[in-house]
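Engineer: Residues per chain, in single letters:
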Amino acid sequence: MSVISPPTGRLEAGPATRRRTPVLAVAARTGRRLGASGTVAAALLAVLVLVAAFAPVIAPFDPTAPDLANALTGPGATHWLGTDALGRDTLSRLIVGSRITLVGPILVIAVSTAAGTALALLAAYAGGRVDMVVSRVLDVLFAVPGIVFALVTVAIAGPGLPGVVIGLSIAYTPYVARVVRSAALRERALPYIDAAWVTGRSGLSICLRHLLPNLAPMIMAQAVSALGLAVVDIAAISFLGLGVQPPATDWGLMVKSGIDTALRGYPTEALAAAVLIAAFVAAITVVSDRLTEQAGELR
Amino acid sequence: MNDHLVDVKGLCIDAPVGRLVDDVSFHIDSGEALGVVGESGSGKSLTARALIALTADGLRVSGSVRVAGHDVPGLRGRALRQFRGRSVGMIFQDPRAHINPVRSIGDFLVEPLVLERRQRPDAARRRVLAILDEVGVSDGARRLRQYPHELSGGLLQRVMIASVLAAEPALILADEPTTALDVTSQADVMAILTEQRRERGLALLFITHDLELAAATCDRTAVMYAGRLVETADSTGLQERPGHPYTSGLMVSRPSIDLRATRLPVVPGRPVAAFEAGPGCAFAPRCPHAQTACERERPEARESGGTMVACHRAAELAGSLPTTIEEVSVHG
Chain A
1 MSVISPPTGR LEAGPATRRR TPVLAVAART GRRLGASGTV AAALLAVLVL
51 VAAFAPVIAP FDPTAPDLAN ALTGPGATHW LGTDALGRDT LSRLIVGSRI
101 TLVGPILVIA VSTAAGTALA LLAAYAGGRV DMVVSRVLDV LFAVPGIVFA
151 LVTVAIAGPG LPGVVIGLSI AYTPYVARVV RSAALRERAL PYIDAAWVTG
201 RSGLSICLRH LLPNLAPMIM AQAVSALGLA VVDIAAISFL GLGVQPPATD
251 WGLMVKSGID TALRGYPTEA LAAAVLIAAF VAAITVVSDR LTEQAGELR
Chain B
1 MNDHLVDVKG LCIDAPVGRL VDDVSFHIDS GEALGVVGES GSGKSLTARA
51 LIALTADGLR VSGSVRVAGH DVPGLRGRAL RQFRGRSVGM IFQDPRAHIN
101 PVRSIGDFLV EPLVLERRQR PDAARRRVLA ILDEVGVSDG ARRLRQYPHE
151 LSGGLLQRVM IASVLAAEPA LILADEPTTA LDVTSQADVM AILTEQRRER
201 GLALLFITHD LELAAATCDR TAVMYAGRLV ETADSTGLQE RPGHPYTSGL
251 MVSRPSIDLR ATRLPVVPGR PVAAFEAGPG CAFAPRCPHA QTACERERPE
301 ARESGGTMVA CHRAAELAGS LPTTIEEVSV HG
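Read top to bottom, the protein sequences are chains A and B. Here the first sequence is numbered in the working numbering, starting from 1 and rising by one per residue. Here the second sequence is numbered in the working numbering, starting from 1 and rising by one per residue.
By construction, these hints were calculated from the structure, which means they are not laboratory data. Note that CB positions come from ideal geometry on N, CA and C, so glycine has one too. There's no promise every hint is true.
Stated by the list, open to error - Pair by pair, the computed Cβ-Cβ distance ranges are: (1) B:130 / A:47: 31 to 39 Å; (2) A:191 / B:71: 23 to 31 Å; (3) B:133 / A:186: 33 to 41 Å; (4) A:189 / B:121: 28 to 36 Å; (5) B:199 / A:46: 28 to 36 Å; (6) A:103 / B:121: 53 to 61 Å.
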């Protein structure tokens with residue numbers, strides 16, 4: 001056949017070289033994408049995740065063992081961040097508390113993102129009456145503040161992480177669903193969806209194999225930015241004493257218990273927990289901003 | 001008569017603003033190529049889309065559309081999906097917009113075979129590679145790993161053709177498949193499409209602005225104006241003896257290699273939509289041969305010797321309508 005294949009230029013080298021890139025090169029490229037502040041924030045998050053993962057190994061003391069002889073000491077050589085009213089090592093409690101502080105919000109975001117995305121795709125794809133029903137239900141959910149939802153589920157399930165996670169997951173779902181729905185509506189109107197229809201694809205297949213991959217960067221960016229909110233919300237509920245129950249702890253609960261000792265002249269616990277929450281949320285926000293920029297560039 | 005592969009009778013498509021396609025009837029036999037020519041908004045794409053029930057939600061389709069034994073407007077759910085997946089393939093104008101940008105070429109080509117035809121992934125892959133080779137895409141294995149943005153428009157359109165061929169349909173709908181491409185890839189893509197179609201004995205509905213391209217690649221050519229078919233004829237016959245003044249007007253406004261012209265002849269006025277047309281012939285206000293009857297009464301499509309012309313004066317004008325710029329410029 002006398003067909004000249006048109007040159008495709010330098011892009012040809014792309015996938016072939018990409019496959020063999022060493023880990024360091026990947027890290028370097030990610031760093032370039034995130035920028036300076038993004039890299040610092042991402043590094044901070046990585047450290048937090050590592051600390052949470054190896055918490056029992058890292059923590060210098062048993063975080064739940066009371067030591068009344070050393071109750072309420074300020075920062076010192078043995079107890080770097082001092083001890084609380086029961087003589088428990090504050091640093092160890094912060095380290096071990098990072099686990100629940102991390103896992104709670106991640107669970108909330110995972111559940112609400114999955115549920116919200118599913119609802120959004122259903123509404124955007126089916127359109128018409130289905131879309132109307134889903135959207136009105138979401139509107140009703142919007143009317144209720146997240147914390148109130150958590151209070152209700154905690155009242156039903158009893159204080160503790162499960163009730164909080166269920167409540168906040170429900171509360172976060174409409175936010176995810178609304179954003180994803182509008183993006184999915186836009187995406188659904190694009191010609192390639194028509195083209196997929198013409199090849200006889202089913203609705204489910206179009207949603208999962210065509211809409212979802214195109215929306216993925218946006219959903220990711222949205223999930224990470226909501227993660228910051230979830231951290232604050234869970235900390236607030238723990239602060240109210242409705243979240244994780246002693247002797248287990250998270251940073252929100254430590255702010256609360258730290259306030260009592262702060263009034264007696266030992267502010268380290270409350271300060272350290274509050275600073276960590278703030279740093280965590282700030283890092284998430286910076287990373288999510290970078291991700292959003294990336295998702296925007298992909299459009 | 002039901003032995004035509006495509007049999008459209010009295011197809012009308014209505015939008016809230018009014019009628020867009022008005023009483024269109026045509027047929028395509030197995031292995032036959034029909035070119036549909038018309039200006040933008042003349043309803044050619046809508047007509048093609050009606051053949052696979054891909055008209056937008058707000059549009060009402062009436063009339064009979066039979067394709068490969070299926071009553072298309074009546075198809076729903078699984079039956080519609082199977083009909084779309086197996087009986088008809090569609091090639092779109094802009095391949096870049098019609099292939100999912102975040103999925104690889106391999107996914108685009110192999111997935112339908114695996115999902116729809118229940119082929120094993122490796123068998124489907126081999127088949128796709130063979131077809132890619134046939135449509136002139138070199139280095140198929142690497143192409144399958146690439147993404148749409150890494151391929152040129154011409155290459156992507158070949159991938160689109162390959163995807164249609166892989167589904168082994170009886171009919172291909174090609175909606176201006178070369179309009180988005182540059183001239184050289186246009187020629188390549190048309191050559192491949194024609195060659196593969198002939199080899200496989202597939203029927204083709206080819207939609208284009210380009211009267212000559214349609215006549216060169218199709219067995220028969222239909223001309224649409226304002227949502228109506230004004231003329232359907234054997235392609236060579238149409239080229240030599242246009243039966244409708246509009247067809248002749250299109251042909252006369254083509255530039256000529258031999259004649260130096262400062263201005264090309266034009267068809268005066270602007271094209272109208274079906275719902276803007278008066279009670280008579282939609283082309284009458286722009287037609288140099290219009291008489292009072294043309295304004296009042298809508299011309300019926302009359303068939304003679306395989307040629308269908310919808311014009312009141314078809315019989316008088318037959319053979320006298322100009323076909324080239326030279327014929328009109330001589331006394332101009």
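Engineer: Now tell me if each hint is right for this structure.
Structural biologist: Verification of the hints:
1. B:130 / A:47: 31 to 39 Å: 53 Å, violated
2. A:191 / B:71: 23 to 31 Å: With Cβ atoms ~27 Å apart, the hint holds.
3. B:133 / A:186: 33 to 41 Å: With a Cβ separation near 37 Å, residue 133 of chain B and residue 186 of chain A satisfy 33 to 41 Å, so the hint holds.
4. A:189 / B:121: 28 to 36 Å: Between residue 189 of chain A and residue 121 of chain B, where Cβ atoms are some 31 Å apart, the hint holds.
5. B:199 / A:46: 28 to 36 Å: 58 Å, violated
6. A:103 / B:121: 53 to 61 Å: Violated, at about 38 Å.
Violated hints, listed in ascending order, are 1, 5, 6; each of the other numbered hints is respected by the structure.
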